[in-house]
Every structure is written in structure tokens, then in C-alpha cells.
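Peer 1: Fit chain B to the supplied structure of chain A, relying on the hints for placement.
2 protein chains.
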Amino acid sequence: MSEPPFSFRITHTDGRARRGAITTAHGAIETPAFMPVGTQGGVKAITHRDLESVGAEVVLGNTYHLYLRPGDALIARLGGLHRFIGWPRPILTDSGGYQVFSLSSRRTITDEGAHFRSHLDGSAHLLTPEKAADIQAHLGSDIAMVLDECVAHPCSIQEAADAMRRTLDWARRARERMLALRSHPVDGVTVTNRGQAQFGIVQGSVYPELREASAVGTVALGFEGHAIGGLSVGEPTDVMYDIVSQTTAFLPEQQPRYLMGTGMPEDLVESVARGVDMFDCVLPTRNARNGQLFTARGRLNIRNARYAEDERPVDSECACYTCRTFSRAYLRHLFLSGEIVAATLNTLHNLNFYLDTMRGIRDAIAFGRFESFRLAFHQRLSRQALDS
Amino acid sequence: MSEPPFSFRITHTDGRARRGAITTAHGAIETPAFMPVGTQGGVKAITHRDLESVGAEVVLGNTYHLYLRPGDALIARLGGLHRFIGWPRPILTDSGGYQVFSLSSRRTITDEGAHFRSHLDGSAHLLTPEKAADIQAHLGSDIAMVLDECVAHPCSIQEAADAMRRTLDWARRARERMLALRSHPVDGVTVTNRGQAQFGIVQGSVYPELREASAVGTVALGFEGHAIGGLSVGEPTDVMYDIVSQTTAFLPEQQPRYLMGTGMPEDLVESVARGVDMFDCVLPTRNARNGQLFTARGRLNIRNARYAEDERPVDSECACYTCRTFSRAYLRHLFLSGEIVAATLNTLHNLNFYLDTMRGIRDAIAFGRFESFRLAFHQRLSRQALDS
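So the sequences go chain by chain: A and B.
For the record, in the first sequence the residue sitting at position 371 is 1587 according to the working numbering, with numbers rising by one throughout.
For the record, in the second sequence the residue sitting at position 265 is 1481 according to the working numbering, with numbers rising by one throughout.
There could be a bad hint or two in this list.
To be verified - In silico contact screen, one side only, chain A against chain B (beta carbon under 8 Å); selected entries:
hint, residue
1, GLN1256
2, PHE1300
3, LEU1550
4, SER1553
5, THR1560
The hints are simulated quantities; they were obtained by calculation from the structure and are not laboratory data.
Note that CB positions come from ideal geometry on N, CA and C, so glycine has one too.
Isolated chain A, as found in the complex (with noise of 0.2 Å):
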């Protein structure tokens, strides 16, 4: 094709903080931007129209999640993962890495790769950084991740350097796999999304000098754009914006930035300040199951007794299907029932509640007030107390 199927493009800046657009084979997505997590080839609890519906414009799937079930290799003999799930806009995909590291006991890793059990069926697996490129490959994301280590927190800086290292020679073999797969067959690999993107993964835990050493080298392999992992695993939220703030600096200012599995909605508005781009995390998914719901004045769970006859929407600012439809007393009815819409519901006002933070940020950027939309946000969290 005439022109590559995955750019980015940077329309704004208002000090560190960027919005603009990547685009990809499977159309263009606005940032900064917040990728709900669709682990098994769907997000949890809602159908795509209503994802659509609150804004979605990219999803993120796992690889883990998929190579074990229904397996990399059936999606791509029905097409790849956007025409199996029926989603044709962008896909994120991870490598797979972070879940395995996430299985402890069950897995030990080598300079070759990550050997694991499944969680599924105590099946044996390796995961090497060009498996993680092939399954990808078959799956067909728009973005695909390379394999890293994730180390825990805290961690000595030996630890930490030891598993930096092996992330960028990790980087480097899947690096070498992924232009493989571009520019010729390779046996048993089908390539369902000839534009798929590969982003490297900067490590290096809570050390400066690791984290500048691994953004330098995984730079230097040349990917299209990168990620920032192994924050958001316990360390403070202060030291984790440091660690945002340093590495993004070293991280090419034409290419996206991607923080790995964060946030809360005051991390994400305080990363974009920091020069981040892209976003995913399980937050307003996981919580609406459990019944906390995200506002701009701070979270509520609607179990609360306070909540039985409170006729008032969940958020009155908010514009989503729920809060335009139901009451606080009926949400916390639907969620004590047991009833599979009180998922729904939740997860359907949480996501648009985090989307609508990036929508306000964009605009903020766009119009030079980002400063303020900032502070703005941060009295108005604090101003009120929670459950009020």
C-alpha cells in the first residue's frame, strides 16, 4: 500500500501534555486516549454497541487470555480477533507477559522465555518474545506489545536491572520476528493485519538510571511507538509520576506513549500532564462489577444502605444510559438482587465516566486550558467527600 496503514499524528500541545491521532488499519483513534480492557475478546458485562455508545474507540485484548481459549490459531482461521469478535475498530493486544508473571508459583522465567502452567488446565506452555509476536501475528491487533518482565515492587535495583536487561534483549528478538513476519512468510505464522504496529516496553522499576538505559536501548530497535510498564504494581503514586515524568523525556515526541495498566482517573490526567498518550486499565470494569462507581466528585458503591431511596442518578453530570435512565435506589436494588444488568449498568457509566475524563482532556489541550482543567479536576475530587 501507498502509505502506511499506522501513524500518529500530534495536532496540539499545551506544555508536556499532547492530543492527537493515531491511525491504524482499522480506523483512527483520538488521544489521549483510555483503552477499556476486553481480556477474553469482549469487555466484561457490556455488548459492543453500548461500548460504542459511551465512545470506545479501541479495545485491548490478552493475549494469554486468547492463545489458551478459543486459541490464537482458531481466530486466525476465521480472520483474525476484530473479525471474530465482530469489533471492527482498533485493538490493542498485550503479550501475554504480565498474566503470566501474574501466575507466580505456576511459571518460571528463563532467558528464553516465560514456562507456565494454564490456569485453565495445568497445561505446560512457553512464551518466548517471538511465540508472543506469532500469536499476535494470528490475532491481528493493530498494536501489537512485545514480551517484557514485570518485576514486583518493591524489587532490589539488581533485580531490577537483571529483568530490564532481559526485556530489551527480549525487545530485540521480537523486534527481529515481528519485521520477519512483515517481509516474508514464516512457516505456521498467518498474518491476519499486514498493519499491525509493534511497541517496545520500557522497564526498570523505580531506578532512573534503569528506566533511562531501557527507554535509550528499546528505542533504538525502532518500534512505532512505546509503552511504560511495570508502574501501578504498589509503589506511591508521587514515585510513579516521577518515573512517568523521566522516562517520557527519553521517549521519542513523534511516536505514542503508552502507560501500561494504570489508573485511577487523577492518574491518568496527571500522566497526560507527564506527556502519556494512551492508557488501559481494569479499574472502571472491575469495580462497576463489584459496585463502585466513578464521579467527578469521587466514587460511590452503591450497595450503600444511604443509597435505598435515592431517587438522584448515580453522577447528575453525567450523560451515560444509566445516569440518564436510573435511580441510585434502583441500581443498588438491580446490584443486591444479583441481577447480571447491575454489571451491565455500572460498567456502562464507569467507562463513560473515564472517557468523558479523556474527552475533557482533549479539549482541554485543544483549547491551551489544560492547566486549569487539571486543577479544576483536583478540587472538585477533593472538595467533596465520598458516599455524599
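Peer 2: Coordinates of chain B only, in the frame set by chain A:
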């Protein structure tokens, strides 16, 4: 008000089949109508807007469940069931009797009413005909049902006669209470819907002479419509059809007739042929949650391994969101992965199939070709094997 808020108008007849419309304070219901079951104040697994997207005009609420949680007094304080659940269209409520009788060991029946223990907390309750009317006055449904005694199948003619006579006595008491609630304030009861109609229920098990006595006695009490209860409880299908056929003959031509708790799609067609106007059943919603999907050619179970790579929609003739968007392969994957949205998408399809069947029935009656519709419906069902 100058016009009665509840009315029924027959617009077409074809043999014993009738097409028409019920008008309520919350809008119209085209008949023959199928009412999705919204047990706890919501049809399980789908949002109201998804329900509207498949053309549902009325839902059924269960008095037993709503009385226990969140409580009918709370619902009355919040303005009635429509307002509480955010559903502006018609609602029919049952009397709670069927659920209480299903508690078996947890209930005893006397002439006074049904003594039972809550399935939620074991607390003791007494449901009388008056109490069932009062609860439904609180709920403010558009159609309220009288408390009846439903016997199991098989059942001796003596047991059936006793239950039928008790049902008739209870119907008289329920009607008196309803007329009192309509004419003057009754202590401690808030009437949230002044346009509520009340239906009597014909019992008598499989005994034609009891059904006749029950119908004649119930009709004499002056209800706005009538239901046929005590069927679909295990009797052979041809016996059910005979009882329906015989009973509708004793019910007023100009009032709606409601066959309670039935049934399979073919039962709806056969009962319309015998003069029935309204139906409710948990089959489309409950079976959806178990992975069983209805089509014009028969049912299919989406768990079946043969669908693992089947790219076809569940039903190529169905225009629902599920069939327009998703393959059997993906729906199977969602179901086996335990995703909540599997229940949503399956429910949406099954309800669309039931409501499509009703739309087909209504069109056929309007064009005077109900008999050919009925024949074609059965031929299609039987000509092809299940899961083919």
C-alpha cells in the same frame, strides 16, 4: 379522567385467532402479545433499551420477589414500579401465588391465604387475596392478577375442585378489595396507578367441568380480563391445548385472554389459534442463560463443539443485534468463557425470536392467512434436525 385508561379493542379475527390492542395508562400493547419476565424489576441479563430494541411492549413483574426485596412500600414511596425501574411502558404483575406455591415445604395454604417463609431470610409472611391486591396497588402495574391456587399435575378431581373453589372465593375477595382501593382511600395502601386493571384467573386442572365452572364463576365477578392458570405444569401438550380451547370459549369475546406461564414457540401459535391474546414465559430468557437458542428451525445449544469455528449467525433469518453482528463461534467462546455478555446476547436473540413470532402471528391474522402461517411454522420446525 373522561376515558377509561384500560381498554381492549379487537381489530382483526381469523378463525378463533384475534388481533388487537390493549390500551393502558402507560401505552399500548399489540396483541397477541408475549411478555418477557422481569422477575426482580428487570428482565434478566438485558437492559431496558436492548429490550425495547427487540420490540418488547410490556414486561411482567413478580409480586413475590418485589414484595420481599426491595419491598412494595419502598416502591410505592418512590412512585411505583414504572418509575422505580425506569420502564415507561406497560407492566403486568402476577399475584405472587405461583412463586409461593413453588416454595412447597415452606408454605401452607388455608382459606385465609398462603402462609410462607421467605427464600431470602426465612421470615414468615401471610399472602391473602387482599394483601396481593394491596401489594400490586403499591407496585402500580397496569394489569394486576388475583391470588389463585395453582395445583400440581397430576392432581385428583377432588383436589382440583377444592383449589378451583378456593381460587373463586379468593377472586371475589380480591375484586372487592380492588374496587374498594379504586373508590376510596384504604388505610396504609398507596394506589400508585389509578389506571390499573385486574384480571381473574381460571383454574380447574385438566378437568373440563371444573374449567367451565371456574370460567363462568370468574367472569361473573366483572374483571377487565381473564387468565388461564394451572397449565404448563407437566400435563401433555394435547391436553393443554384442549383445555385452552375449551376454556377460551367461556371467556368474554371483548376482553383479553392471557395464558399464564406458556411456553414453547409452537405453544404460542397453537394457543393463538384457540383464542388467546397474551403470554408470558421464562423459557426464552432462562434458556438463553443456559446457552439454548431458539430459531425457526429448532433450538440449538451454543456450547456444542460443532459451533467452534462456525462463522454463521445463530439464525440467518433473524435481524436481531446478536445475529447481525456475531458468529456462533464467538457466542460459543463467550459462553464457555463465562462472560456475562454471553447471557445478554443470547437473551436478546431469544426474546427477538419470541417477539418476531408474535409479529408474524399478528401480521398473519391481519391478512387473514393465520392458518397458512401456522402450517408453515410447524413444517419449518419439524423439517430440519436440531443443531443442523
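Peer 1: Confirm or reject each hint.
Peer 2: Hints, one by one, checked against the model:
1. GLN1256: Holds, about 5 Å.
2. PHE1300: holds, 6 Å
3. LEU1550: holds, 6 Å
4. SER1553: holds, 5 Å
5. THR1560: holds, 6 Å
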